[in-house]
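Each chain is listed here by its residues.
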Amino acid sequence: MLHRFANPTRFLRFADRIQPWAARFTVIFVIAGLYFALLNSPSDYQQGETVRIMYVHVPSAWMAIFCYTLLAISSGVALIWKHAIADLIARSTAPIGAGFTFLALITGSLWGKPMWGVWWVWDARLTSVLVLFFLYLGYLALQEAFDDRERGIRASAILALVGLINVPIIKFSVDWWNTLHQPASVIKISGPAIHSSMLIPLLLMALAFKGYYVWLLLIRIRGEINFMKVRALQLRQVHDDESAFRGQDQTMNNGVG
Amino acid sequence: MKRKHKRLTFIFMAFALFSIATSLILAALEDNIIFFYSPTDLIHKDPGPEQRLRLGGLVAEKSLRRIGNAVITFKVTDNTKTINVRYKGILPDLFREGQGVVTQGYYISGIFEANEVLAKHDENYMPAEVANAIKKSGQWQDNRTAKKGRTE
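Residue numbers (numbering that gives the first Met the number 0), protein chains in the order written: chain A, 0 to 256; chain B, 0 to 151.
Just so you know, not all the hints are guaranteed correct.
Derived DEER-like restraints, expressed as beta-carbon distance ranges [claimed, not checked]:
#1 W118(A) x N83(B): 23 to 31 angstroms
#2 L23(B) x F133(A): 39 to 47 angstroms
#3 R148(A) x F11(B): 23 to 31 angstroms
#4 R245(A) x S22(B): 53 to 61 angstroms
Treat the hints as calculated values from the structure; they're not laboratory data. Given the structure is predicted, the values throughout are model-derived calculations rather than measurements. Each residue gets a CB set at the ideal place from its N, CA and C atoms; glycine is no exception.
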């Protein structure tokens, strides 16, 4: 099963079928989610209308963690089994995950000012998410830091695996330490601490973000495959030119000799 | 062993060791990672008057007093211990009795002299009507935001 999709051509055929559905799914859930989040959901008993920031903040934070977990797992699969598509998934997920993390940090800051009274504090949750953002940036930078592309990819895959330790730290930071950030509302043992009229728009937005990720991922993977094809062609071109040149050299030498 | 099995074992072992190392470091640094002390912790720790730190907990019910010239006093509690806080300045919108708060300042002879007050909101989200209905039915748990003291 793992190796069935290791073939890029077969993967592209599969992607061609999924991509339009991912696009439709995203558009439908963005429209439904935004309708409920902005127009058809109550304001909070404490936070008033500001609570609507949650409908963007929480899904992007979830996606930031989800993308990183996927990035680390597929990096591991690519390292161990030399799986070509796992490597593509890892490298295509990284910039998307970095984007979601950035969005979570920015919306969190915009939410923190009116509610807590500050844009930013160095508590365990905020700091660990900032570290996550730097891990994404480090992964992207490390990939380009070697002349040999393969070595860059291997080094960044190892970084991705090391950074995986940060994921449980982010999730449990609010339980392990005193933080200004509040504890989990949705994913907790005693059930969601959020009223259904607010939970529904939140989950709709979360699905919209998931669909958007799949849509973007397929576009990016297609781009990566095309990029690799172009590179292979260019390399062959250079190689052909070189051997042609060398051949010419040979005849010239022979002529002189 | 095949090479990929070797790689698999190596990565798992390395990750396990790294996780243990990280958890030891985080456990050792706990005092630096926590954002605030609960009243119980603060009384237990009893820092000097020149040490700047944060105190967090719930604003005790009916403890807010305004003593002119923008000076405010209130009590911060973790339902075990309570500390008096004095603050001069503007309170955040979400500051309410019975709600979470984090204050920064100095603990001087039993009174916490705050120079910054941050509101801490809890994990509960609901429309105002629902909150009122719960309060009316008597099901409202006071201090539902109480953060456990770290002394337990």
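Verification of the supplied hints:
Our hint of 23 to 31 angstroms for W118(A) and N83(B) holds, since their Cβ atoms are close to 29 angstroms apart. Checked against the hint of 39 to 47 angstroms, the C-beta distance between L23(B) and F133(A) comes to roughly 22 angstroms, which is inconsistent with it. Separated by about 27 angstroms at the C-beta atoms, R148(A) and F11(B) satisfy the suggested range of 23 to 31 angstroms. For R245(A) and S22(B), the Cβ-Cβ distance of about 59 angstroms falls inside the hinted range of 53 to 61 angstroms, so the restraint holds.
Checked against the numbered hints given earlier, this structure breaks only hint 2.
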